[in-house]
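Using the sequences provided together with the hints, build the complete structure.
Listed here are the chains, written in short residue letters.
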Amino acid sequence: MSLKRALLSTVTGLGFTAGLATAAISEEITIATVNNADMITMQELAPAWEKQRATVSIGLFWKKTYFANGLHRISPQMVAHSISCLLEPMKRPFGERMAG
Amino acid sequence: MFIGAYETPIWGANGWLTSLNDFGDDADYDLNDIFQLVRNGLSADGNLYAVPLYSETSFTFYRTDVFEAAGIEIPSEQMTYTEFAQLAAAVHDPDNGMYGTCQRGKAGWGENMAFVGTLANAFGARWFDEAWNPQLDSPEWNAAVTYYVDLMLNSGPPGASANGHNENRALFKDGKCATWVDATSAAGDVRNPATSSVADVTDFVKAPRQATAKGTGWFWSWALAIPASSQKVDTAKSFLKWATSKDYFETVGETKGWVAVPSGTRQSVEEDSRRLAAAPFASSVVDAILSVDPADATLLPTPYTGVQFVAIPEFQGIGNYVGQQVAAALAGNQSVEEALANSQKFATREMTKAGYLK
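Protein chains in written order, with the working numbering: chain G, 1 to 100; chain X, 1 to 358.
Quick caveat, the hints were computed from the structure, so don't treat them as lab data. There is no bait here: all hints are sound.
Simulated crosslink set (DMTMM-like; lysine to aspartate or glutamate; CA at most 20 Å straight-line): (1) X:Lys232 <-> G:Glu28; (2) G:Lys51 <-> X:Glu254; (3) X:Lys256 <-> X:Glu271; (4) X:Lys237 <-> X:Asp247; (5) X:Lys345 <-> X:Asp137; (6) X:Lys176 <-> X:Asp95; (7) X:Lys106 <-> X:Glu167; (8) X:Lys237 <-> G:Glu27; (9) X:Lys232 <-> G:Glu50; (10) X:Lys241 <-> G:Glu27; (11) X:Lys246 <-> G:Glu44; (12) G:Lys51 <-> X:Asp234; (13) X:Lys256 <-> G:Asp38; (14) G:Lys63 <-> G:Glu28; (15) X:Lys241 <-> G:Glu44; (16) X:Lys241 <-> G:Asp38; (17) G:Lys63 <-> G:Glu44; (18) X:Lys237 <-> G:Glu50; (19) X:Lys246 <-> X:Asp272; (20) X:Lys241 <-> G:Glu28; (21) X:Lys106 <-> X:Asp150; (22) X:Lys246 <-> G:Glu50.
One-sided excerpt, in silico: chain G residues whose CB lies under 8 Å from chain X: (23) Ile31; (24) Ala32; (25) Ala37; (26) Leu45.
Where is the CB? At the ideal position from N, CA and C, for every residue including glycine.
Dropping the structure here:
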């Protein structure tokens, strides 16, 4: 298998998985964080709350603020966004895209 | 969103946050279990706008083994900053990797100015007089910042102007600092053998005083709030309740250890026997937090509330600027007098622009 074909397979697989995950999540909330130790602990424990939400499937999206880039928890939407960025021509510098 | 005790009342009063008053109707959540001082600090005009993950004041961390080896007894009563400097100098041994003290030097209203602000309070300084005139060129500010620069140059680590809370916490846990005046919320981490090399040889006393004991320990809380613009208020409230509930703190205790439970928030958590067994210092931390009075934190009268900050929107810019000036003085790029003269000029301009001064 060529490198190009292997990459395409991986991207397709990731895209399929992301699509499934996106479809399963009916609501998402974004939480701005500065990621000190106690906040990181909360992020580790938060899946327990997500599981408690029996009637509505929740996606938690943690976004670090105040400091430079820091997406510390990646939602399916972010996976899908990353894949679309990989597939499009690299028009913008990587750092600019992450900051946006 | 996570939000601090400085922004919450300002943002809440501006209508930028969702009121959480209805949390008081939820018996399971038990809002009154959260310390009243903390609830007050996260409220504006009687409305609650955030719920706390943890709250903190500042106190003195010190190495029991280092001072015992030096034959020095740390006073149990609140010492003066003059005494503190003498203690730090007595154990300062940089050739053997031990610095007498580690304090915040990185510029920022929430970094170096958190420590310097309480130090200034101790020396009798205030940010503004009763008519909102900046007081940064006062003899009290000069004495406080001169003390700070001398302390760090005589007994601190090299390059201290680059060190903030996280850097000093790492240095202290790595056994490089004999003393550190900083957040009580770091106590659990420093006393946790899983994360600290000095867990068994660290103890705590109050932050020092000088001309006054007022305002010598700061007040801060990291809390969760919901922007008024949120389209998912019910879901967000559900998350906030979970993340600051009794069950959440219990889960942290059971999974991370009771010494690591976020401190200074819920009375039931601080009185839990498992917490007290793992963190015997917990009750002294709570006592220290509850002794803080943000409405009376300076020797001389002021028109503002806040211990290490001034609870007005203009403070962030002023505090950051003064922090940069103090950091430049610490780095040796300018004198203390120049730093404070620049700070006074900047603060006067900003307060005039904002309409406080004619």
